[in-house]
Amino acid sequence: MSTALETTSLGKRYGRLWALRDCFLQVPAGCVAALVGPNGAGKTTLLHLAVGLSRPTTGHVTVFGRTPRDGTAFLSMVGFLAQDHPLYRTFTVAEMLEMGHKLNPRWDASLAASRLQALTIPLEQKVGKLSGGQQSQVALALTLAKRPQILLLDEPLASLDPLARREFLQMLMTAVAEDGLTVLLSSHIITDLERVCDYLVILSGGRVQLAGEIDEISRRHKVLSGPRRDEEAVAAVHNVIEVNHTVRQTTLLVKVNGQLFDPSWDVHDVSLEDIVLAYLGQPPINDLAAGTRNHVEALV
Amino acid sequence: MIWLTWRQQRFEVLIGAAVLGLIAAALIATGLQMAADYQQTGVAACVGPHPSTNCFTIVDAFRNRFGGWEGTVGRLNFLPLVFGLLFGAPFVLEMEQGTYRLAWTQSITRTQWVAIKLAVILGLTLLAAGIFTLLMTWWRLPFDHLDGVFNSQDGFDFEGTAPLSYAVFAVTLGIAVGTLIRKTVPAVGIAVAGFLALRLSILNFLRPHYLPPAHMVSSFAGPARLSGPGRGAWILSSGWSDRLGHPISDVTVIQLCNPASFPSKIAVFSCFAAHHIYSDTVYQPASRFWLFQGIETGIFLGLSALLLAVTVWWIRYRIT
Numbered sequence: 001m002s003t004a005l006e007t008t009s010l011g012k013r014y015g016r017l018w019a020l021r022d023c024f025l026q027v028p029a030g031c032v033a034a035l036v037g038p039n040g041a042g043k044t045t046l047l048h049l050a051v052g053l054s055r056p057t058t059g060h061v062t063v064f065g066r067t068p069r070d071g072t073a074f075l076s077m078v079g080f081l082a083q084d085h086p087l088y089r090t091f092t093v094a095e096m097l098e099m100g101h102k103l104n105p106r107w108d109a110s111l112a113a114s115r116l117q118a119l120t121i122p123l124e125q126k127v128g129k130l131s132g133g134q135q136s137q138v139a140l141a142l143t144l145a146k147r148p149q150i151l152l153l154d155e156p157l158a159s160l161d162p163l164a165r166r167e168f169l170q171m172l173m174t175a176v177a178e179d180g181l182t183v184l185l186s187s188h189i190i191t192d193l194e195r196v197c198d199y200l201v202i203l204s205g206g207r208v209q210l211a212g213e214i215d216e217i218s219r220r221h222k223v224l225s226g227p228r229r230d231e232e233a234v235a236a237v238h239n240v241i242e243v244n245h246t247v248r249q250t251t252l253l254v255k256v257n258g259q260l261f262d263p264s265w266d267v268h269d270v271s272l273e274d275i276v277l278a279y280l281g282q283p284p285i286n287d288l289a290a291g292t293r294n295h296v297e298a299l300v
Numbered sequence: 301m302i303w304l305t306w307r308q309q310r311f312e313v314l315i316g317a318a319v320l321g322l323i324a325a326a327l328i329a330t331g332l333q334m335a336a337d338y339q340q341t342g343v344a345a346c347v348g349p350h351p352s353t354n355c356f357t358i359v360d361a362f363r364n365r366f367g368g369w370e371g372t373v374g375r376l377n378f379l380p381l382v383f384g385l386l387f388g389a390p391f392v393l394e395m396e397q398g399t400y401r402l403a404w405t406q407s408i409t410r411t412q413w414v415a416i417k418l419a420v421i422l423g424l425t426l427l428a429a430g431i432f433t434l435l436m437t438w439w440r441l442p443f444d445h446l447d448g449v450f451n452s453q454d455g456f457d458f459e460g461t462a463p464l465s466y467a468v469f470a471v472t473l474g475i476a477v478g479t480l481i482r483k484t485v486p487a488v489g490i491a492v493a494g495f496l497a498l499r500l501s502i503l504n505f506l507r508p509h510y511l512p513p514a515h516m517v518s519s520f521a522g523p524a525r526l527s528g529p530g531r532g533a534w535i536l537s538s539g540w541s542d543r544l545g546h547p548i549s550d551v552t553v554i555q556l557c558n559p560a561s562f563p564s565k566i567a568v569f570s571c572f573a574a575h576h577i578y579s580d581t582v583y584q585p586a587s588r589f590w591l592f593q594g595i596e597t598g599i600f601l602g603l604s605a606l607l608l609a610v611t612v613w614w615i616r617y618r619i620t
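Which chain is which? The protein sequence lines are A and B, in order. Here the numbering used here is used: the first residue of the first sequence is 1, the next is one more, and so on. Here the numbering used here is used: the first residue of the second sequence is 301, the next is one more, and so on.
These are calculated hints, taken from the structure and not from any lab test. Just so you know, not all the hints are guaranteed correct.
With a straight-line cut-off of 25 Å between C-alpha atoms, the simulated SDA-like cross-links for lysine to any residue are [as the list claims (entries may be wrong)]:
hint : chain 1 : residue 1 : chain 2 : residue 2
1    : A       : Lys222    : A       : Asp179
2    : A       : Lys102    : B       : Ala415
3    : A       : Lys129    : B       : Arg307
4    : A       : Lys102    : B       : Thr409
Residues from chain B that keep clear of chain A, each with C-beta distances beyond 12 Å, as calculated [to be verified]:
hint : residue
5    : Thr330
6    : Arg375
7    : Gly494
8    : Asn504
9    : Phe520
10   : Ile548
11   : Val568
12   : Gly602
13   : Arg616
Quick look at which bits of chain A chain B covers, simulated, 3 or more residues with Cβ under 8 Å [stated by the list, open to error]:
hint : segment
14   : 65-76
15   : 88-99
16   : 103-109
Idealized CB from N, CA, C, for every residue including glycine.
Could you build the full structure based on these sequences and the hints that come with them?
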């Protein structure tokens, strides 16, 4: 499978603070990838670097082999929807589409128009008069009609109500199936995304905590429970992500390397949400010294 | 991109056109009346090579009638600043509202974006300031003939290339500050303060000294005192001096030749001549008008170029 988006040693520093550091990612083409992390984890920074809105302090990012330095050739390939989905508020919807037409070589006017028509958003309405949800739909229609090869969406679900979320995700699935689009979308929750995403990147404290295909992640993460004991023996072979001791019992969430042989553990499957929470719940590795707990490993 | 810029500037352009239209209507109405009066009452003939004896009265009447208008119209001095801020505002608003992120993630580089936007904005600013300058130059013709375009500050501020450079400086200052701080209202405030500070200090402290001023030391003995520094020169100051141009204070002059103790003007002048008191006029010759215009335009355009460079650099490398 070819790589859609690749980052190499990517880092961004604001003043003394690293918003993103040592980021190595290879998002496969044709997948829907979720970029999950708490607020301030560096999700927006990563997306801004990927679309060329900001320049990396270290490393570089390529999208289908091109970098943001390639200018128009790069930009026409990447569709980006910012978190606050900025639009020209004094423009009518039709004028926004006209802007898209003027500024994009592969503009698909009928796609944008039919999408907005299906959502019953009037073209002659001023953008500023639309509801928040409608505005994000207009912004999304603009992004799609650009006919990009990759969609970068920053918190696209945040401003949508539950029904609109479902529609949005269905639309996304259709676009991926029809056009072979690659999608990277950020969110601070995984629940909504679980059904549509097949790739997951967990970001915390400016670092990638986990990246890989969701099937693989689910398969390799297990909950072990058994009589109370030290987790050292397990940690020698596997990556222990989370440890819970009660008076009598020990529960471990581990990333399994190879086989689990110790029969004294009960082994259970674990939901993706719990995996994400486990990774976010532990203190993020923020400097190289903490790298001894080596669970930053891409499961490609 | 030109379409987008035009669409974003449309409202401001309409306001600018309306303001310019109103001012043009007022200037044309008053200007026609003034020009007619200038011809009919004989002021035009007085400015010519053979003025008649009653010219003093004729010119005085004209000044009484229209001097107030000149003062009123002179208040339009701030108009290049207004045009600059008006046309620069949508750019700053875009930086404040973050919609530039939308534009920069279409298939156009931010360098193309900023180049086209600035070109359109500067073009509009020059157009508005140019029309205004032409109108003012026509309106002020009678006064320029009477006083010389150089000797009245208004002539220099409203005519030639200088007013265009003021407008360009205002718009580039507003845009540069707005790009750096990305807040429209404070940016406008800073731009107004910066513009006025620079414009006034150049007007009062720098412009009179672009070249060392000339002195004309003339004696009060004989007819030589009638000759001045030449028609249309910019008189900076006039006072007393000895024959070599060393200044003599008013107090000394009054001690030596108190006008109150002499029966006539001629007697006072003889006293001046007897005490070797000369009149000393400090001035810039009329021939330097375009040189001074060029210097002042160069200063403002040079600063504008610097501000544009800062803006473009900041947009290319510092904004995310």
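Status of the hints after comparison with the structure:
1. Lys222/A with Asp179/A: It is violated: about 35 Å lies between the C-alpha atoms, which goes past 25 Å.
2. Lys102/A with Ala415/B: holds, 16 Å
3. Lys129/A with Arg307/B: Within the cut-off at roughly 18 Å; holds.
4. Lys102/A with Thr409/B: holds, 13 Å
5. Thr330: holds, 37 Å
6. Arg375: holds, 32 Å
7. Gly494: holds, 27 Å
8. Asn504: holds, 41 Å
9. Phe520: holds, 70 Å
10. Ile548: It holds; Ile548/B is separated from chain A by about 64 Å at its closest Cβ, greater than 12 Å.
11. Val568: Its Cβ never comes within 12 Å of chain A, the nearest being 71 Å, so this holds.
12. Gly602: holds, 30 Å
13. Arg616: Non-interface label on Arg616/B violated, nearest chain A Cβ at 10 Å vs cutoff 12 Å.
14. 65-76: holds (count 4)
15. 88-99: holds (count 7)
16. 103-109: Coverage by chain B holds here, the residue count being 4 at a Cβ distance below 8 Å.
In this structure, the hints that do not hold are numbers 1, 13, in rising order.
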